[in-house]
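Visitor: Once you have looked at the hints, place chain B on chain A.
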Amino acid sequence: MTSSRTLTMARAGREAVMWEMEQDPRVFMLGEDVYKFGGVFGTADGLGEMFGADRILDTPISETGFIGLATGAAIAGMRPIVELAFIDFIGVCYNAIVNLAAKHHYLSNGQVKVPMVLMLGSGGGYNNGGQHSQALHACLAHMPGMKVVAPSNAYDAKGFMHAAIRSDDFVVYIGHKKLSGVGFFGKPIPGTMSEIPSEPYTLPFGEAKVVREGIDATIVAISWTVHQALDAAEKLAHEGIDVEVIDPRTLVPLDRESILKSVAKTGHLIVADEDYQSYGFTAEVIASVAELDPTVLKSAPVRVANPDVTIPYSRPMEQHILPTSQRIQEAVRRVLSK
Amino acid sequence: MKVTIPNDQWDEGKEGVIVTWIYGDGAEVEVGDVICELMVEKIQSDFVAPASGVLRILVEADSTVEPGDHVADIE
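Note that the protein sequences, when read in sequence, are chains A and B. Reminder that position 152 of the first sequence reads as 152 in the UniProt record's numbering, one-by-one numbering, no gaps. Reminder that position 61 of the second sequence reads as 61 in the UniProt record's numbering, one-by-one numbering, no gaps.
Chain B with its partners taken away, still in its complex shape:
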């Protein structure tokens, strides 16, 4: 399953940052686990796994992201 930043995560046109991945690449995660922390305009939010499986990280921590970006897969 593709893990994408939801379109309603923050206002359009604003850039966010992946502050940190809580699970490493290849980790087993369960649906609902907080997998990373996002920050936009100095406000941090949790991002939860949309499915259970093996996490494959596509975008490294400290990268800028926008709503709709494909940041990881859960296999």
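For reference, chain A alone in the conformation it holds in the complex:
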């Protein structure tokens, strides 16, 4: 009997993939650098050796081709997991994602299902320039026909990976590079790692988690910004400000009721997101609360997101635009001082 393990997000997600592949011969993985290299973000580390080249398929850099292939395989009864690495490149295969994978279920009048998982690596903060640092999850969450998961910690990473693979729907699974615990992106953030049961378990899509309880203001955050919000909450607590932090965990479906419940308690809403500000997650959350019950808001809600500019390569300039703890703290103070 061994003790419980503390796992990074990359390792926890991979454990779920391994378990599902061992149990279900329909599950296979394909994508760039998965077989030999183990995935750019460690998502497939060791799987090539374990399952062989027939089930862990290295593909050319031809995203439209292999997402189309996976969609067809899913329709034919397989359970593909596609590793696309950087979310920045969904542009080259947007048609395959949006018009094939996400639409066949509806267009066939429910006769075919597309049970596939698309894994994407998101986010910046390690000065990798404007084409390798974007969040872009709103570009997927905006579109009907897919679930969009963006876990912020290892426990959720494993539970949602099991759920995504077993789901009969097309699920986009977004991992944040800086949360992955892959050393390349810096020291793992302690809050992302936790004790993980070795048994499989699933988590429900569309159930937000209150990661910190508070009464003065609500911060809704997703993925990397959850950890920025928690840091902000800790700093604000020294000033006697007690904020609540909510992690929706899945962008689609979005747990609007839990967000509303929290804002009804605190009266103030700040939304933190690493995607571009305009037309994004921040706007969706604020609009949802305003539509459901505008009377709960005692102040104008605030968006703390990346401004609508190309993410700078320069580290100080990039740090300036990211939705950091500092910016979240300033937003909370501003809201509460009015």
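Since the hints were derived computationally from the structure, they do not count as laboratory data. Any given hint could be a false lead.
[Claimed, not checked] Below 25 Å or equal to it, Euclidean Cα-Cα: the simulated DSS-like pairs (lysine-lysine) are:
1) A/Lys103 to A/Lys113
2) A/Lys187 to B/Lys42
3) A/Lys187 to A/Lys235
4) A/Lys209 to A/Lys261
5) A/Lys265 to A/Lys187
6) B/Lys14 to A/Lys36
7) B/Lys2 to B/Lys14
8) A/Lys36 to B/Lys2
9) B/Lys14 to A/Lys187
10) A/Lys265 to A/Lys235
11) A/Lys209 to A/Lys235
12) A/Lys209 to A/Lys298
[Stated by the list, open to error] Here are a few chain B residues that face chain A, going by a calculated C-beta distance under 8 Å:
13) Val17
14) Val19
15) Ile22
16) Lys42
Cβ atoms here follow ideal geometry from the backbone N, Cα and C, with glycine treated the same way.
Guide: What follows is chain B alone, placed relative to chain A:
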């Protein structure tokens, strides 16, 4: 049993880092369990327990290590 970074883990003269300990200090581990992740030149590798027993961590995560370093004991 002493847990040391194997001499052939990476090329001589290069420094590695313990990225993370998967089991905490005092945890029961079994031979073959991955107990920590190492990184050298941006490449990560698993480090497995050479014996079964109670893990005593001597070198904290995020520390630099070299082949031959004594990083833990398994009692």
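Visitor: It remains to establish, for every hint, whether it holds in the given structure.
Guide: Here is how each hint holds up against the structure:
1. A/Lys103 to A/Lys113: Holds, at roughly 10 Å.
2. A/Lys187 to B/Lys42: holds, 12 Å
3. A/Lys187 to A/Lys235: holds, 21 Å
4. A/Lys209 to A/Lys261: holds, 12 Å
5. A/Lys265 to A/Lys187: violated, 36 Å
6. B/Lys14 to A/Lys36: Satisfied, since the Cα-Cα distance of roughly 24 Å is no more than 25 Å.
7. B/Lys2 to B/Lys14: holds, 22 Å
8. A/Lys36 to B/Lys2: Measuring from Cα to Cα gives roughly 32 Å; hence the hint is violated.
9. B/Lys14 to A/Lys187: Between B/Lys14 and A/Lys187 the Cα gap is close to 19 Å, so the pair holds against 25 Å.
10. A/Lys265 to A/Lys235: holds, 21 Å
11. A/Lys209 to A/Lys235: holds, 21 Å
12. A/Lys209 to A/Lys298: holds, 23 Å
13. Val17: Since the shortest Cβ distance to chain A is 7 Å, the answer is holds.
14. Val19: holds, 4 Å
15. Ile22: holds, 5 Å
16. Lys42: Status holds, d = 5 Å.
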